Structure formats: structure tokens, C-alpha cells
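Trainee: Here is what each chain is made of, one letter per residue.
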Amino acid sequence: MTPLPAAFATTAMIASVVVTATAGDILTASAMRQIGDLDRIRARSGILGAAGAVLSNTRFGIGVVCLALSFFSLLFAFSHRDLSLIGPAATSLTFVTNALAAKIFLKENVDRRRWAAAIFVCVGVALLAF
Amino acid sequence: MTFRRYLVLAAVTLTSSCGDTFLARGMKSLGPVSLAHPAALIHAVFAPWVAAGIVLLIGFFASYLTALSWADLTYVLPASSLGYVIMTVLARFWLHEHVHPLRWLGVLFITAGVGFVTRGPSFTDHGTSVEERELEEVLQ
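Chain order of the listed sequences is A and B.
Once you know that position 79 of the first sequence is 132 in our numbering, the rest is easy, because the numbers rise by one and skip nothing.
Once you know that position 137 of the second sequence is 183 in our numbering, the rest is easy, because the numbers rise by one and skip nothing.
Heads up, a few of these hints could be off.
[Said to hold, decoys possible] Between beta-carbon pairs, the in silico distance windows are:
hint	chain 1	residue 1	chain 2	residue 2	range
1	B	V145	A	S98	42 to 52 Å
2	B	A86	A	R95	37 to 47 Å
3	A	R97	B	I104	18 to 28 Å
4	B	W150	A	I115	37 to 47 Å
5	B	A56	A	D90	12 to 22 Å
6	B	L154	A	R97	22 to 32 Å
[Stated by the list, open to error] Footprint (simulated), chain B over chain A, 3 or more residues, beta carbon under 8 Å:
hint	segment
7	71-83
8	87-101
9	146-158
10	165-171
Worth flagging that the hints you see were computed from the coordinates, not collected in a lab.
Predicted model only: the values in this text are computed from it and were never measured.
Cβ atoms here follow ideal geometry from the backbone N, Cα and C, with glycine treated the same way.
Extracted from the complex, chain A is given alone in its bound form:
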């Protein structure tokens, strides 16, 4: 059995990856909602105009910083724990936390169908560890 401090450290590492990844995904999604349909922007101002609209958005910048933090937390976790534990645990939990955060912060309509999809994908990704 894993000693308590080691189990706590593993949980903290997975939690830091999940929290930063969820914050990054929510902020990025919120930024894209704020910017509007990229296809239309590209049709109007070209690909450089679309890139400019995305890169000049503060929320998008903070989202990317969160995603970068998540990536480095993942690398840190990989250097201390097995890839087969951290990878699937962090990725699968992120599907569920994203659904919860999208409902709360983005006011998305997360109905039973979407909950089922998030849970099925979460279980599926966890099974990919074998």
C-alpha cells in the first residue's frame, strides 16, 4: 500500500495538472466565445486578421499560460510518478472537471447526454492505461 504522504503527493500532482488544464481550457473557450466565429473573421480580414484577433485577446493569453503551467506540472509529475498512472488519471479527470466548469463559468447547457459523453470518455481514457 502507498504510504499516506506519497499518496497525498500523487493526488496533489494530479490535482495541479487537472486544475491548471481546466482553467486553461475554460479561459481559452471563453476567449473564443468573446472573439466570435473565426471562419467569419478570416473571411473578412484574412488569416492574419484572425490570428491577430486571437493573439490580442487577454483571456486567451491567460488561458495559454494556464495550459503551459499544466504542461509543466505534467512533466514534473512524470519525473516523480509513472506515466501510466499520471497520464490517464489527469487526462480523464479533466473531461469531468471541464464539464463541471463549463456549466458553472461558461453557462453551457451540460445536459444528461453531455454528462454521459464526458463520463464515458473519462472511463475510456482511464482504460487506455492498460
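Given chain A, put chain B in place with the hints provided.
Mentor: Positioned in the frame of chain A, the structure of chain B alone reads:
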């Protein structure tokens, strides 16, 4: 959802799975990289498979952002998770890795999840309905 938008979701799925597989293929051919020699990582970036993987992952981020500009996060994430299925198939038949039966069960779960979400609406109505948005698009 228009056919073009399904194509964008397909691009999200294909670029992420192929990008990751190309990176794995490239790094396997280069052998283990020690943190004591970080220059080896810079060298790795220019290896053909790794470079192709990076280009595909840039394509993934661009198509992912495009999808998020007209669909909900809770739609795009499960819908694009089909990439894990493609990655498992590529690992088995291209990289000739052993795939445990439980991983195939995982593939089934993911496919079911994707089936659930793609049968529902892609966007939460925050004032304008999806039909109105699509009609507006057709008129433009």
C-alpha cells in the same frame, strides 16, 4: 452543424492523433534523450518525424480554436476524443505495439461517448438560436 464544421472537428481529431504518433515515432528513432544534454532536444526538433509532428500539432491548435469559436467546450472535447481511438489503432497497426484488451474496451467507451455528444446540439443558446445563426451564415 454544417459539413464544413464536421470537417474542422475531423481535422482536430486527425491532427492531434497523427501529431502525437509522429512525435512518438520520431523520438523512438532518436533514442532516449538525457536532461544532462538539452541540446539533443533542439536537435530532435529538426528530425523529420518530430518536425512533421510539431507542424500537425500547430494545425491541431488552430482547428481546435476554430471549433471553440462556434461550438461549446463540452461538445468539442468529447467529439474530438476520437483521436485516442485513432492513436490506439495507429499504435497497434503502424508502430506494432501490443494493445491490451482493456485498451480496446476503452476505445469502445470513447466511441460511445463521442456518439452521445455528437447526436446533440453543438452550441448553447445564449440569445440567438443555432438555427438563426446558421440561417444568418447561409444568407451571408
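Trainee: Next step is simple, just say for each hint if it's right about the structure.
Mentor: Hints versus structure:
Range check, B/V145 to A/S98: Cβ separation about 46 Å, and the 42 to 52 Å hint holds. For B/A86 and A/R95, the hinted distance range of 37 to 47 Å is satisfied, since their beta carbons lie about 38 Å from each other. At roughly 23 Å, the beta carbons of A/R97 and B/I104 sit within the given window of 18 to 28 Å. For the pair B/W150 and A/I115, the beta carbons lie near 39 Å from each other, so the given range of 37 to 47 Å is met.
Look at B/A56 against A/D90: about 18 Å separates their beta carbons, and that is inside 12 to 22 Å. Taking the beta carbon of each, B/L154 and A/R97 are about 43 Å apart, not inside 22 to 32 Å as hinted. Here's how the segment 71-83 of chain A fares: 4 of its residues keep a CB closer than 8 Å to some CB of chain B, so the rule of at least three is met and the hint holds. Here the segment 87-101 of chain A counts 6 residues with a CB under 8 Å from a CB of chain B, which clears the bar of 3, and the coverage holds.
For the segment 146-158 of chain A, the assignment as covered by chain B holds, since 5 residues bring a beta-carbon within under 8 Å of that chain's beta-carbons and 3 suffice. Chain B is given as covering the segment 165-171 of chain A, and this holds because 5 residues of the stretch bring a CB closer than 8 Å to a CB of that chain, at least three being needed.
In this structure, the one hint that does not hold is number 6.
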